[in-house]
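J.: Residue strings, one per chain:
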Amino acid sequence: MLELKNICFKRDNKQILDHISFTIDDNKLIVITGPNGGGKSTLAKIIMGIEKPDSGEIILNGENITNLSITDRAKNGIGFAFQQPVKFKGITVYDLISLSLGKKIKFSEACNYLSAVGLCPRDYMNREVNASLSGGELKRIELATVVARKSSLTIFDEPEAGIDLWSFSSLIDVFTNMKKEISGSIVIISHQERILNIADKIILISNGKIKESGSKEEILPRLLNNTKSCKFLKEDNNG
Amino acid sequence: MDRKLNHLEKFMLKKISDIDDFPSGAFNIRENGKGIRRNTTKNINIVSKEDKQGIDIFIKENTKNEMVHIPVILTESGFTDIVYNDFYIGKNADVTIVAGCGIHNDSCETSEHDGIHRFFLEEGAKVKYIEKHYGDGEGTGKRILNPQTIIELKDGSSLEMETVQIKGVDNAIRQTSGKLGNETNLVITEKIMTHGAQFARTEFDVVLDGKNASTHVISRAVAKDASKQEFVSKIEGNTECYGHVECDAIIMDHATVKAIPEILANNIDARLIHEATIGKIAGEQMTKLMTLGLSDKEAESEIINGFLK
Ligand SMILES: Nc1ncnc2c1ncn2[C@@H]1O[C@H](COP(=O)(O)OP(=O)(O)OP(=O)(O)O)[C@@H](O)[C@H]1O
Ligand SMILES: [Mg+2]
Chain A
4 MLELKNICFK RDNKQILDHI SFTIDDNKLI VITGPNGGGK STLAKIIMGI EKPDSGEIIL
64 NGENITNLSI TDRAKNGIGF AFQQPVKFKG ITVYDLISLS LGKKIKFSEA CNYLSAVGLC
124 PRDYMNREVN ASLSGGELKR IELATVVARK SSLTIFDEPE AGIDLWSFSS LIDVFTNMKK
184 EISGSIVIIS HQERILNIAD KIILISNGKI KESGSKEEIL PRLLNNTKSC KFLKEDNNG
Chain V
3 MDRKLNHLEK FMLKKISDID DFPSGAFNIR ENGKGIRRNT TKNINIVSKE DKQGIDIFIK
63 ENTKNEMVHI PVILTESGFT DIVYNDFYIG KNADVTIVAG CGIHNDSCET SEHDGIHRFF
123 LEEGAKVKYI EKHYGDGEGT GKRILNPQTI IELKDGSSLE METVQIKGVD NAIRQTSGKL
183 GNETNLVITE KIMTHGAQFA RTEFDVVLDG KNASTHVISR AVAKDASKQE FVSKIEGNTE
243 CYGHVECDAI IMDHATVKAI PEILANNIDA RLIHEATIGK IAGEQMTKLM TLGLSDKEAE
303 SEIINGFLK
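If you read the protein sequences in the order shown, they are chains A and V. The opening residue of the first sequence carries number 4 in this note's numbering; numbering runs sequentially from there. The opening residue of the second sequence carries number 3 in this note's numbering; numbering runs sequentially from there.
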């Protein structure tokens, strides 16, 4: 269980996160949504330890982790898939999956992680994770490295970005399968109705504040009906 | 000359040429200024020079898929070894040449090896040339390596050179020059890492004389501690040709890296590019690996190892 208590983060005189508090229960899939620049990625980075909050506390399974390093949080079971995947020079897809698992693994084992995100292992395993990969390919590799860790709390920052619509249902499968397998929690930052649809709980963040929060049944219809407040939602039906 | 290799010799050979005993095919192994064993084949002849230290390697026309190993090891200190090796590659031959020098210096005296390698490729010949430099030993004596490579490509020939110097070499001036004829291609990949108070200077000088001659020089360098590196590259295009130099360096601690590009186009159809990037390890790369559970030291070493792979 992860608890955020009064997280505040201010930069350049702008209150990016303003007293954010909520709880992520075990075995739940939470979707965080809201307009661009609302503070979602910043919040995710604060949970992972990439940014430090100005005030507030982060409690993981009863332990205060507010001052722990990124590495220690990763070791304590937090995983994070970047909105913009990081590129390397010389590090291959296989290397990255091995690093993510913390051990050298069999080629065939690594293959499973790539197939799960819709990449043909043969074509990608020995490629460098560099700018020669397309945006969608990098995004899928990013997902594969994070899924491989089987962290008890994994945050995905806009995993759908750059993934073609044809692959969307397999992307959804990645999350539902993961939830079954790890019996942990998954947090997805997303603008996609189809991802909101698999949420147990939806949190709407705008201007650094939680505007709404509740079950999918409660929140989703309101988001979809209120055209004004949900311009940020990408609906893939004609509505 | 029939003797077995000892542990240290085998270790050094493995480091510089990936063999741990006498290889098959043509080879010449030199240790502390003397040849210790040589083998020739039907297509590849190796002859000692009469007027100075070194060997001539003759590779017959149309020789295919053969390898030549010419490693040099220095295990005695206080020794300066200067060697001239010339390679004559016949028409349409396609061979791999593995050279390299390993210095093991346990004393406080300097050990130095200067290898001057010249390659003459006839029409249509194709060579892959691999060169590794390595130094170790507990002594305070300096390990100095100054390799010189001179390449002449006749029409339609090509050479791909991989040169590696990872740690252990205190002082190095590494000069490579090429003169390219029509429809030729020269690819040079350099990997270099310095630490401590080491100094390494690389100089590339390629002249593109022939129509459709092309060259690609890729240098990846890591400078740690208080080490210093210099990268100088000169490409001259005298006809319709293509030249591309990429110098990519990571600096750490108090190291310095200087890149000096010079590209000279003497013809309107010469296309020459020089790219140089110098900087510290990208912070986001560190962050990503730490989110996978690596410590900052582990992340740093993975990034460097990948970069120099
Ligand atoms: N270190 C920083 N310094 C200054 N401004 C920052 C910093 N980090 C984030 N911001 C600003 O904070 C706001 C929130 O950014 P954030 O990336 O968290 O938004 P987001 O909700 O993820 O948006 P999107 O949907 O576009 O991904 C933006 O206005 C951004 O420019
Ligand atoms: Mg974002």
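Please note that a few of the clues may not be correct.
[Said to hold, decoys possible] Here are the computed lysine-lysine pairs in the DSS-like style, where the Cα-Cα straight-line distance is at most 25 Å:
id	chain 1	residue 1	chain 2	residue 2
1	V	Lys311	A	Lys92
2	V	Lys51	A	Lys107
3	V	Lys230	A	Lys92
4	A	Lys92	V	Lys93
5	V	Lys93	A	Lys90
6	V	Lys93	V	Lys156
7	A	Lys182	A	Lys219
8	V	Lys282	A	Lys92
9	A	Lys8	A	Lys78
10	V	Lys311	A	Lys153
11	V	Lys299	A	Lys92
12	V	Lys134	V	Lys51
[To be verified] Derived list of chain A stretches under chain V, where covered just means 3 residues or more per stretch with a C-beta under 8 Å from a C-beta of chain V:
id	segment
13	15-28
14	165-175
It is worth saying that the hints were derived from the structure and are not from the lab. In this text, all values refer to a predicted model and were calculated from it rather than measured experimentally. Virtual Cβ for every residue (Gly too), placed ideally from N, Cα, C.
J.: Take a quick look at whether Lys8 (chain A) and Lys78 (chain A) sit within 25 Å of each other, Cα to Cα.
T.: The given pair, whose Cα atoms are some 22 Å apart, holds under the 25 Å limit.
J.: Mind checking the alpha carbons of Lys93 (chain V) and Lys90 (chain A) for me, to see if they're no more than 25 Å apart?
T.: Violated. Lys93 (chain V) to Lys90 (chain A) sits at ~43 Å, over the 25 Å cutoff.
J.: Next pair to validate is Lys230 (chain V) with Lys92 (chain A); report whether the Cα-Cα distance is within 25 Å.
T.: 22 Å, holds
J.: With a C-beta cutoff of 8 Å, work out whether three or more residues of the segment 15-28 of chain A approach chain V closely enough for the coverage to hold.
T.: Since three or more residues must qualify, the claim that chain V covers the segment 15-28 of chain A is violated, with 0 doing so at under 8 Å.
J.: Holds or violated: Lys282 (chain V) with Lys92 (chain A), Cα cutoff 25 Å?
T.: 13 Å, holds
J.: Take a quick look at whether Lys92 (chain A) and Lys93 (chain V) sit within 25 Å of each other, Cα to Cα.
T.: 37 Å, violated
J.: Regarding the pair Lys93 (chain V) and Lys156 (chain V), is the alpha-carbon distance no greater than 25 Å?
T.: Holds, at about 9 Å.
J.: Would you mind confirming whether the straight-line C-alpha gap from Lys311 (chain V) to Lys153 (chain A) stays at or under 25 Å?
T.: Violated: Lys311 (chain V) and Lys153 (chain A) sit about 29 Å apart, past 25 Å.
J.: Checking one constraint from the list: CA of Lys51 (chain V) to CA of Lys107 (chain A), max 25 Å. Satisfied?
T.: Violated - the C-alpha atoms of Lys107 (chain A) and Lys51 (chain V) are around 49 Å apart, more than 25 Å.
J.: For Lys134 (chain V) and Lys51 (chain V), compute the direct alpha-carbon distance and say whether it is at most 25 Å.
T.: 23 Å, holds
J.: When you check the alpha-carbon spacing of Lys299 (chain V) and Lys92 (chain A), does it fall within 25 Å?
T.: 18 Å, holds
J.: Count the residues of the segment 165-175 of chain A whose Cβ falls closer than 8 Å to any Cβ of chain V, and tell me whether that reaches three.
T.: violated (count 0)
The structure is inconsistent with the numbered hints 2, 4, 5, 10, 13 and 14, although it conforms to all the rest.
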